[in-house]
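Participant: Here is what each chain is made of, one letter per residue.
Protein chains: 4
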Amino acid sequence: MGMTGPGPLHIAVIGPGHATVEECVAAEEVGRRIGEAGAVVVCGGLGGVMEAACRGAKSVGGTTVGILPGADRSAANDHVGIAVATGMGEARNVIVVATADAVVAVGGEFGTLSEIALALRAGKAVIGLHSWDLSRRGAPVDGVVPATSAEEAVTVALERAGAS
Amino acid sequence: MGMTGPGPLHIAVIGPGHATVEECVAAEEVGRRIGEAGAVVVCGGLGGVMEAACRGAKSVGGTTVGILPGADRSAANDHVGIAVATGMGEARNVIVVATADAVVAVGGEFGTLSEIALALRAGKAVIGLHSWDLSRRGAPVDGVVPATSAEEAVTVALERAGAS
Amino acid sequence: MGMTGPGPLHIAVIGPGHATVEECVAAEEVGRRIGEAGAVVVCGGLGGVMEAACRGAKSVGGTTVGILPGADRSAANDHVGIAVATGMGEARNVIVVATADAVVAVGGEFGTLSEIALALRAGKAVIGLHSWDLSRRGAPVDGVVPATSAEEAVTVALERAGAS
Amino acid sequence: MGMTGPGPLHIAVIGPGHATVEECVAAEEVGRRIGEAGAVVVCGGLGGVMEAACRGAKSVGGTTVGILPGADRSAANDHVGIAVATGMGEARNVIVVATADAVVAVGGEFGTLSEIALALRAGKAVIGLHSWDLSRRGAPVDGVVPATSAEEAVTVALERAGAS
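Chains as they are written, first to last, in my numbering: chain A, 108 to 271; chain B, 108 to 271; chain C, 108 to 271; chain D, 108 to 271.
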């Protein structure tokens, strides 16, 4: 689709700021595997899944970008390498998605669902780990590609990002 | 929740810009009933469900607001009374939701789903007519209140908006 | 330039939320004259110059639109007819400008200057009453059209808006 | 002011996308000196002054962030290390400013002026090289700190950023 920007692939990791231990373990592995592949982790910059993904990527020397809702860069978690302060609240979700070549959703509340929907609208692949299932008028809607492990999620995300 | 602004209730009507005849008929009735109740129709300002809802509201002298993705007000459909040009693309979905006291979704593609998710995240009621069903990890998630008619959708939306 | 939207002209009135009595008197007359001309007042929805302009327009039955920085419509001043809640902070200035066919600046702090600059960048006329003068490298820059009265400011703004 | 985020200082370099040779030479030196100081260059990601600043920073191994108006990361100039795609048009100016601890303006058209105004409104230092002079009602307004060389501009910007 010609959306891929210069340099390494960018994979968004999205999920709740207040996450379960299981979600954080999965997100950390997702981030680590993205970093090992030489791709950039893009996220919302705060805690929970976002922080775990950044920690994972940083543990292998990866690059992490946090797109924050507030106007103060210091709200970023400690594993964000580049913090972008938007001051635009939930509208920053649009930027997380626009900056990514593909998206991995780990768990997720309604904010995560908004990012999933925005990514699908933009024609970007969304891989889900324990995340949302979509149906409309009672029929399932293809959209989120389910994965059963962090390894599978990242493998598929990188494939789809490169193909996009 | 103290979110209700001054004056009349504001109800967002969201749905696809390219809609089926059935969806447009439903959206027009939704708009008409909102207008009859003295509430304001808020929408994305373009065609399909958005246009039908505005046409319905205007047919009874109602007020219609279109929050456009582009920077040119003239892109609004002919039944938008107040057109707001954002120039922010999909981020205008955040504004549609923030401006509403409750949301009625008629049908819907992924853009509509993003608005549903943003509204639920903001704690606002979403009433669905032939719209999305949400589930996570295989279990249904309360969120979109299903309605079986335009009349029911508007009645519930107004109740929830007033109670919010 | 084909930017003019459907229906009446839209004139933004911009200026500080904490304004002097002189600025408020001028802004109220600006709003009143816009309303008398059948045009819509667009503003940032808060106090000071914004509130005075809305009060003036409402006093003659005019239409007023407030584009708010916060996510709560109830922050609008009492004379805003249509309040749009953006939740995007200063980025709402971009929307005020995009929605207007021409801009009248009354006084103004740095926020007002950002709106003046955005309007000039978009090729829209800006009329200034006791507002900013622009120069670059020591030389004046044509941009803000100075007016010496509210009457002159509105007359020029309507002319330029119609011509744009 | 507690606005400084984690890690290195972030300095925005703002200026026209279509710049003179003199402006590009100055911007490249500004970028190089920011990079030599271990600070991050933040910019709008496109050509002219933005590209020159990134090229300067990259020439000494510095970090460069481009906040793009469009939704496609590939529009970034070749010297942007981290490209953020916003899809929000001019509203991305708000993000450039929010992400910076201080701002250096090199030359500048109206878009640059909007960033200067937004930065001053946010209480951030703006250092100007051949840039805008501000006055209101005929009297100069303190705001842009004039510098006469790239070296001076960066020295003052780093001082102010650290002090903020």
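One thing to keep in mind: the hints can contain errors.
Note that identical chains are pooled: a pair holds if it fits in a single copy or bridges any two copies.
Heads up, simulated SDA-like pairs for lysine to any residue below, C-alpha to C-alpha not over 20 Å straight-line [stated by the list, open to error]: (1) Lys-165 with Gly-124; (2) Lys-165 with Glu-216; (3) Lys-165 with Gly-196; (4) Lys-165 with Gly-114; (5) Lys-165 with Gly-269; (6) Lys-165 with Asp-240.
Calculated directly from the structure, the hints in this document are not laboratory data. Remember, it's a predicted structure, so these values are computed and weren't measured experimentally.
Participant: Next step is simple, just say for each hint if it's right about the structure.
Facilitator: To see whether the hints hold, each was checked on the structure:
1. Lys-165 with Gly-124: within (18 Å within a copy, 34 Å between copies)
2. Lys-165 with Glu-216: Cα proximity of Lys-165 and Glu-216: none, with 25 Å in one copy and 36 Å across.
3. Lys-165 with Gly-196: For Lys-165 and Gly-196, the Cα distance exceeds 20 Å both inside one copy (26 Å) and across copies (31 Å).
4. Lys-165 with Gly-114: The answer is both: 18 Å in one copy and 14 Å across copies each meet 20 Å.
5. Lys-165 with Gly-269: Neither: 22 Å inside a copy, 26 Å across copies.
6. Lys-165 with Asp-240: Neither, since 30 Å and 37 Å both go past 20 Å.
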